[in-house]
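Quick mapping for you: the protein sequence lines, in order, are chains B and L. Residue numbering for the first sequence is 1 to 293, as defined by this note's numbering. Residue numbering for the second sequence is 1 to 293, as defined by this note's numbering.
Since the hints were derived computationally from the structure, they do not count as laboratory data. One thing to keep in mind: the hints can contain errors.
A pair counts as met if it fits within one copy or between any two copies, since identical chains are not told apart.
As the list claims (entries may be wrong) - Derived SDA-like pairs: lysine to any residue, alpha-carbon spacing no greater than 25 Å straight-line: (1) Lys28 <-> Ser206; (2) Lys45 <-> Ala283; (3) Lys28 <-> Ala207; (4) Lys200 <-> Gly106; (5) Lys34 <-> Tyr174; (6) Lys34 <-> Gly164.
The structure displayed is predicted, hence computed values, not measured ones.
2 protein chains.
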Amino acid sequence: MDLKQYLARRQKQIERALDRFLPRASAKPATIHKAMRYSLFAGGKRLRPILCLAAAEACGGEIEAALPSACAMECIHTYSLIHDDLPSMDNDDFRRGRPTCHKVFGDGIAVLAGDALLTTAFEIAASTQPTRRYDLKQIIGEIAVAAGSRKLIAGQVADLEAEGQPITRSGLRYIHENKTAAMLIASVRLGAMSANATAKQLEALSAFGAALGLAFQVIDDILDVTQTSEKLGKSAGKDLTAQKATYPAAIGLEKSRREAQRLTREAHDALSAFGGKAERLHALANHLLDRDY
Amino acid sequence: MDLKQYLARRQKQIERALDRFLPRASAKPATIHKAMRYSLFAGGKRLRPILCLAAAEACGGEIEAALPSACAMECIHTYSLIHDDLPSMDNDDFRRGRPTCHKVFGDGIAVLAGDALLTTAFEIAASTQPTRRYDLKQIIGEIAVAAGSRKLIAGQVADLEAEGQPITRSGLRYIHENKTAAMLIASVRLGAMSANATAKQLEALSAFGAALGLAFQVIDDILDVTQTSEKLGKSAGKDLTAQKATYPAAIGLEKSRREAQRLTREAHDALSAFGGKAERLHALANHLLDRDY
């Protein structure tokens with residue numbers, strides 16, 4: 001399979017769906033809809049929704065059925081970036097090579113744009129067709145738990161509180177498991193649910209998502225240390241300057257690289273029962289590790 | 001009926017349910033759960049959830065069935081207050097006589113505590129039992145639309161953008177309809193849905209909520225001008241200082257008072273078809289107007 005072509009096709013599908021689900025930029029009040037769209041259509045990789053769709057395919061499901069969940073997860077991911085970038089949080093001026101939402105629209109509108117994307121996510125998710133095994137209660141619950149105070153937000157809190165503190169490896173794992181892995185796990189699980197997956201398939205995909213999520217975050221940490229600002233499209237070395245908890249800081253660069261490779265093997269192994277149907281998930285996992293770290 | 005006793009009983013029921021729905025204050029990471037509970041259990045009047053329960057009763061439903069929706073609306077109301085109080089928004093130091101969330105926990109945690117309460121609201125709402133006429137899709141959709149970028153958040157944006165601008169009466173109405181009335185309308189509608197209300201009942205309650213919401217906001221505007229800080233438990237005259245859009249500023253104090261009375265009559269009239277079953281809704285509407293304005 002041609003991964004580049006596959007990614008481009010899926011990105012287009014997801015962006016068309018997001019555009020359909022979101023209010024027009026001109027909808028009153030225009031400021032908030034412009035701000036939501038500014039961040040949502042800022043050239044994101046669409047990793048979470050693509051994983052969601054690929055998991056649905058691995059379970060024999062239809063792309064169309066997985067699209068609402070996929071788009072909901074992307075809205076939540078974008079909202080978390082907008083709030084993460086705020087001066088009271090990470091205080092980032094750039095994201096994906098462009099000024100962050102609050103730099104363009106002001107801090108107040110950026111808070112509200114994040115709030116609105118989070119709310120929209122649940123409106124979109126509510127349009128998911130339940131399957132025989134999974135009803136809307138489970139689908140909404142899956143999203144709310146992954147994005148809630150014991151997962152995504154727990155990771156952000158731990159991240160905030162770890163700044164300037166000595167870093168333990170378990171503390172770091174906690175941050176990554178909650179801030180990153182939980183959202184990837186939920187993405188593949190939601191795709192599987194839309195395909196009426198068996199409990200066994202759901203479990204295997206959870207393990208895949210967990211390993212992939214940690215691998216992804218370790219690589220992000222490594223790239224922050226090794227790459228230039230220009231290449232990243234955000235301020236590089238920033239994590240180091242802010243004394244943020246990162247894998248390279250906790251266990252060194254070489255060990256971090258080996259950890260990323262080990263986690264990727266773990267991710268691939270979790271897919272064994274799917275055989276050829278998981279081809280795209282395997283390719284996506286490889287793609288994440290093939291970043292230049 | 002003894003309204004004071006009724007309110008106290010309902011407040012207790014709602015607070016017990018909220019306590020059950022929310023993670024413990026000690027749940028990891030404790031900071032976020034302490035912050036969420038600090039604002040959620042800060043002596044709020046529980047107006048929205050009480051209206052939700054009273055609407056369920058007016059439609060012949062059970063309190064128990066309406067509690068998830070009622071609590072979801074209170075979580076959303078509290079999140080909107082936390083974010084509204086932030087320095088980048090209204091910049092309020094006090095709320096209900098206590099320091100605001102960001103004053104106690106810092107701006108970053110306050111942003112996240114609001115996010116977490118919004119997310120929790122949908123987790124709670126997902127535990128609502130659908131009825132014959134209303135499925136979970138409609139219930140989640142009702143909440144998401146009321147709290148979204150074209151209602152609650154639209155009102156907040158318009159409010160932010162109106163500061164320091166000349167105030168028109170229609171601009172003001174837009175703010176109140178979206179920032180306040182939409183949440184009250186959704187509260188009574190959700191109560192009605194939990195009671196499997198007819199379309200006619202739902203429509204009547206929407207009209208009731210709309211009139212009540214506007215009345216409530218006009219009175220809030222009046223009180224801000226006429227009351228002292230001590231009595232309000234927040235910085236009085238603040239709206240005036242910040243040149244905020246208020247009814248007294250737009251049409252004067254006397255006209256504002258008459259408008260509040262007119263809207264209350266409108267609210268009562270909307271309940272005519274319910275007869276004695278709406279006794280509590282009538283009492284609640286009176287209660288809102290009987291504030292010392």
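Hint-by-hint comparison with the structure:
no. : hint              : in the structure
1   : Lys28 <-> Ser206  : between (40 Å within a copy, 22 Å between copies)
2   : Lys45 <-> Ala283  : within (15 Å within a copy, 54 Å between copies)
3   : Lys28 <-> Ala207  : between (43 Å within a copy, 23 Å between copies)
4   : Lys200 <-> Gly106 : neither (47 Å within a copy, 43 Å between copies)
5   : Lys34 <-> Tyr174  : between (35 Å within a copy, 19 Å between copies)
6   : Lys34 <-> Gly164  : between (36 Å within a copy, 22 Å between copies)
In this structure, the one hint that does not hold is number 4.
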